[in-house]
Amino acid sequence: MHTIIVSHLAKGFGAVQAVADVSFTVSPGEVFGLLGPNGAGKTTTLRLMMDIFKPDAGEIAIFGGDLTLDKKRRIGYLPEERGLYKEEKLETTLLYLAQLKGVDEKTARQRLGEWLERLDLAEQRQQKIQTLSKGMQQKAQIIATLLHDPDLIIIDEPFSGLDPVNTRLVKQIFEEQRAAGKTIIMSTHQMHQVEALCNRIVLINRGRSVLYGLVNEIKRNFAGNAIVLEGQGDFSQVPGVLDVRHHNGTWEMGLQVGTDPQAVLQQLLAQPTNRITRFELAEPSLDDIFVQVVGGRSNQ
Amino acid sequence: MNNFWLVAKHEYRRMVLRRAFVLTTLLIPLGMAAVIGLAILVGESTADKRPLGYVDHTHQLDPTLWQNQPDATVELRPFPDEATAQAALENGDIQAFFVLPATYPNPRQTDLYFMEEPPNGDIWGAFDDFVRLNYTRQLDPALRQQLLDGPAVIVNDLDSGRTFSSASIINIILPFFATFIFFIATMSASGYMIQVVADEKENRTMEIMLTSLSPFQLIGGKTIGLLGVALTQLGIYGLTVVVGLLAAQPFVPMLQTAVIPWAYLLIMALFFLPAFALIAGIMVAIGSIVPNLQQGQQVAGLLNFLFILPIFLLAIIIENPNAPLAVAFTLFPTTAFLTVSLRWGLGSVPLWQLGASWVILVITAVFAVWVASRIFRIGMLQYGQPLSWKTAVAALRSS
Numbered sequence: 033m034h035t036i037i038v039s040h041l042a043k044g045f046g047a048v049q050a051v052a053d054v055s056f057t058v059s060p061g062e063v064f065g066l067l068g069p070n071g072a073g074k075t076t077t078l079r080l081m082m083d084i085f086k087p088d089a090g091e092i093a094i095f096g097g098d099l100t101l102d103k104k105r106r107i108g109y110l111p112e113e114r115g116l117y118k119e120e121k122l123e124t125t126l127l128y129l130a131q132l133k134g135v136d137e138k139t140a141r142q143r144l145g146e147w148l149e150r151l152d153l154a155e156q157r158q159q160k161i162q163t164l165s166k167g168m169q170q171k172a173q174i175i176a177t178l179l180h181d182p183d184l185i186i187i188d189e190p191f192s193g194l195d196p197v198n199t200r201l202v203k204q205i206f207e208e209q210r211a212a213g214k215t216i217i218m219s220t221h222q223m224h225q226v227e228a229l230c231n232r233i234v235l236i237n238r239g240r241s242v243l244y245g246l247v248n249e250i251k252r253n254f255a256g257n258a259i260v261l262e263g264q265g266d267f268s269q270v271p272g273v274l275d276v277r278h279h280n281g282t283w284e285m286g287l288q289v290g291t292d293p294q295a296v297l298q299q300l301l302a303q304p305t306n307r308i309t310r311f312e313l314a315e316p317s318l319d320d321i322f323v324q325v326v327g328g329r330s331n332q
Numbered sequence: 008m009n010n011f012w013l014v015a016k017h018e019y020r021r022m023v024l025r026r027a028f029v030l031t032t033l034l035i036p037l038g039m040a041a042v043i044g045l046a047i048l049v050g051e052s053t054a055d056k057r058p059l060g061y062v063d064h065t066h067q068l069d070p071t072l073w074q075n076q077p078d079a080t081v082e083l084r085p086f087p088d089e090a091t092a093q094a095a096l097e098n099g100d101i102q103a104f105f106v107l108p109a110t111y112p113n114p115r116q117t118d119l120y121f122m123e124e125p126p127n128g129d130i131w132g133a134f135d136d137f138v139r140l141n142y143t144r145q146l147d148p149a150l151r152q153q154l155l156d157g158p159a160v161i162v163n164d165l166d167s168g169r170t171f172s173s174a175s176i177i178n179i180i181l182p183f184f185a186t187f188i189f190f191i192a193t194m195s196a197s198g199y200m201i202q203v204v205a206d207e208k209e210n211r212t213m214e215i216m217l218t219s220l221s222p223f224q225l226i227g228g229k230t231i232g233l234l235g236v237a238l239t240q241l242g243i244y245g246l247t248v249v250v251g252l253l254a255a256q257p258f259v260p261m262l263q264t265a266v267i268p269w270a271y272l273l274i275m276a277l278f279f280l281p282a283f284a285l286i287a288g289i290m291v292a293i294g295s296i297v298p299n300l301q302q303g304q305q306v307a308g309l310l311n312f313l314f315i316l317p318i319f320l321l322a323i324i325i326e327n328p329n330a331p332l333a334v335a336f337t338l339f340p341t342t343a344f345l346t347v348s349l350r351w352g353l354g355s356v357p358l359w360q361l362g363a364s365w366v367i368l369v370i371t372a373v374f375a376v377w378v379a380s381r382i383f384r385i386g387m388l389q390y391g392q393p394l395s396w397k398t399a400v401a402a403l404r405s406s
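Sequences listed follow chains A and B, in order.
Taking this note's numbering, the leading residue of the first sequence gets 33, the next gets one more, and so forth.
Taking this note's numbering, the leading residue of the second sequence gets 8, the next gets one more, and so forth.
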C-alpha cells in the first residue's frame with residue numbers, strides 16, 4: 033500500500049496558480065525527492081499534503097485516506113519555514129512538541145536524551161533556543177521531526193545550515209530511517225543529496241509534475257543529452273548546448289532537448305581552431321537534468 | 008493528556024514563569040498598598056488633632072458625658088467665656104470653639120469661631136452628638152443611643168430585588184475597587200494574548216503546530232491557559248484585598264458590619280468569561296493580521312480603548328447610572344463588563360438589561376472567537392507579511 037497518493041492536485045491563491053497539476057505516489061521504505069525551482073509549488077504541495085491548506089482540486093490520500101489528527105501523529109514534518117519557541121529552553125520545547133504528537137513525557141524524555149547525545153546537543157539542553165547557532169537550531173528541528181518516531185518523514189531542505197560533518201550525520205540518520213521501513217519525502221535544491229539519498233523523484237515546474245520516476249531511469253533517459261569533451265579550443269558558445277561547465281581540462285555540456293550529439297560533434301570539428309581529444313555521451317547529473325528540464329521549459 | 012489541555016498547561020507555565028508576569032503581579036498590589044498607606048499616613052499627619060473648645064452660657068452641658076463616650080475621637084474643652092476661648096484659639100491650643108447662648112435651644116442658634124480653616128465635618132458631628140447627649144440625658148440610655156444613631160434605613164429596589172443599608176457600604180466601595188482590579192487583569196491578559204499569537208508568528212512555529220493539532224486546539228488551549236494566568240493574577244489581587252480589609256477591619260467601623268457581596272461576585276464572574284473570550288478573539292485576530300508584535304500592540308492599544316471607555320465617562324455614569332448612555336454602554340459588548348460592574352455598585356441594573364447585555368456579550372464573544380480562528384490559520388502562514396483585509400475576508404468566507 034502506498035503511504036501517500038497525490039492525484040492531480042491543484043491550488044490557487046487569487047490570480048496565482050501555485051499548484052496546477054501534481055501527481056505522485058510514495059511507498060514505505062522509499063526516500064522520495066520533491067524537486068523544482070523556486071516558486072514551482074513544492075512548499076504548497078507539502079502544505080496541502082499536511083492539511084495546512086485545502087486543495088481546490090485533486091485528491092490526497094495519506095496512510096490510505098484523509099489526514100486525521102491521529103495520522104498527523106505518525107508524521108514528522110520539517111517545514112521550509114523553520115520555527116521553534118526561541119525564548120524557551122531546548123529541552124522544554126522538544127518535550128512539548130513530542131507530547132503534542134502523543135508521546136508520554138517519560139518516553140519523550142528518554143528518547144530526547146539519546147537524540148541530544150547523538151546530535152551533540154546534550155550540553156545545550158537547558159539553553160534558550162535563541163542562544164543556539166543556526167546549525168544547532170537546525171539539528172534541534174531534526175530532533176523535533178524524529179522524536180516521536182514517525183512512520184512518514186517530510187523534510188524540506190534538511191541540510192540547510194549544516195556543516196559537512198553534520199550533513200553526513202543527518203544523511204546517515206535518514207538512511208537508517210529508510211532502512212527501518214519509514215517513508216521519507218525530501219524537498220531540496222541540493223541535487224547531489226537527492227542523487228545520494230532518493231530512489232525516486234518528481235520534478236515540479238510552474239505547478240505541474242514535469243518529470244517523475246526512478247532516479248536511475250531518468251538519468252538513463254537523459255544520457256543522450258549530455259556530452260563530455262576534452263581538447264583545445266573555445267567550446268563555450270556551441271549551438272544546441274544549454275549549459276557548459278569547464279574544470280580540469282574537461283568540458284561538460286548539457287544539450288537542449290532534441291539536439292543530436294553527432295551534430296554538435298560535427299560543428300565542433302568544423303572549426304579549424306578546435307582540436308578534439310575526447311568526445312563521449314555522458315550520463316547527466318540530476319543537476320544537469322534539472323537545469324535542462326526547467327531551463328528548457330522556461331525558454332519555451 | 009488531550010492536546011487542548013497540553014497547550015493550555017504549557018501556555019500557563021510559560022507566561023506565569025516569565026519575569027514580567029511575576030513583577031506585574033506582585034508590584035501592582037504592593038504599589039496600591041503603598042499608595043493607600045501613604046494616603047492614610049499623609050491624612051493622619053495633616054489632620055488637626057487639637058481639642059475643640061466651647062463656651063456654655065446655658066450651663067446645661069456636662070463634660071463627663073462626652074468623656075465617658077467610647078467613640079469620642081476628639082477632645083471637647085470647656086471655657087468659661089469667649090475671651091478665654093479666643094485666647095486659647097489664638098495661642099493654637101484649640102482648633103475652634105462653639106458658643107451656646109443662654110437662650111439655647113430657643114432658638115437653636117450657636118456660633119462657631121475659628122482661624123484660617125473651619126474644623127472638618129467629624130468635629131462638627133462630635134459637638135452635635137455632645138449637645139444631643141446632654142439634652143437627652145434624662146432618657147433611658149438605650150433609647151437615648153437609638154435617638155443619637157437615628158433611623159436605620161434599608162433601601163429596597165423593587166426592580167432588581169436588591170437592598171441597600173448603611174451596613175452594605177462596602178458593597179458600594181468594593182465594585183469600584185474590583186472594577187479597576189478586573190480592568191488591570193483583563194488588559195494584561197489581552198496583552199499576553201496578542202504576544203503569544205505574535206510569538207507564534209515571529210517564531211514561525213505555525214506549520215509545526217498545525218501538523219500536530221487543530222487550530223481550535225491551539226487557540227482554545229492558549230486562551231484557557233491565559234485565562235488561568237488572568238485568574239491567577241485576580242486571585243493574588245483578590246487575596247491582597249481580602250488581607251488588606253481584614254487588617255483594616257479593627258480600625259474601620261464600617262468594615263466590621265460588611266457582608267461579602269456574593270451577588271456582585273457571581274454577576275462579575277458570569278460577565279468576565281465572555282468578556283475575556285471577546286478580548287482574546289479580537290487580540291488573536293489582530294495578532295494574525297499584523298506582521299509583528301510591535302504593530303499588534305499599537306492596534307491593540309486603540310481597541311483596548313473600546314473596553315475601558317466607561318472609565319473615561321465615569322463621572323456621567325456616577326451622576327446618573329440609568330442615563331441612556333449608561334444603558335447603551337451596558338448593552339454594548341466591549342463596554343458591558345465595566346459598565347455593569349460600576350452600575351451595580353452605584354445602584355442597580357434592571358434585570359432585562361443585565362440579561363440582554365450578557366446574551367449580546369456571549370454572542371459577540373463566540374463570533375469573535377470564530378472569526379479569530381479562521382483568520383489565525385491563514386494569517387500565521389504570512390511570515391513577516393501583514394494579512395490584507397481582502398485575504399482576511401476570503402478566509403472568513405472559505406469553508
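Hints listed in this document are in silico derivations from the structure and should not be mistaken for laboratory results.
Incorrect hints may appear among the rest.
Here are a few chain A residues that sit away from chain B, every Cβ distance over 10 angstroms (derived from the structure) [to be verified]:
#1 D53
#2 I84
#3 Y109
#4 P111
#5 G115
#6 E120
#7 E123
#8 A176
#9 P196
#10 N231
#11 N248
#12 V326
Now the stretches of chain A that chain B is said to cover, found in silico as 3 or more residues with beta-carbon under 8 angstroms [claimed, not checked]:
#13 94-106
#14 128-141
All C-beta atoms in this analysis are idealised placements derived from N, C-alpha and C, irrespective of residue type, glycine included.
Okay, the hints, checked on the actual structure:
no.: 1; hint: D53; in the structure: holds (22 angstroms)
no.: 2; hint: I84; in the structure: violated (5 angstroms)
no.: 3; hint: Y109; in the structure: violated (5 angstroms)
no.: 4; hint: P111; in the structure: violated (4 angstroms)
no.: 5; hint: G115; in the structure: violated (3 angstroms)
no.: 6; hint: E120; in the structure: violated (7 angstroms)
no.: 7; hint: E123; in the structure: holds (13 angstroms)
no.: 8; hint: A176; in the structure: violated (7 angstroms)
no.: 9; hint: P196; in the structure: holds (26 angstroms)
no.: 10; hint: N231; in the structure: holds (25 angstroms)
no.: 11; hint: N248; in the structure: holds (32 angstroms)
no.: 12; hint: V326; in the structure: holds (25 angstroms)
no.: 13; hint: 94-106; in the structure: holds (count 3)
no.: 14; hint: 128-141; in the structure: holds (count 5)
Going through the hint list in order, the structure does not satisfy hints 2, 3, 4, 5, 6, 8.
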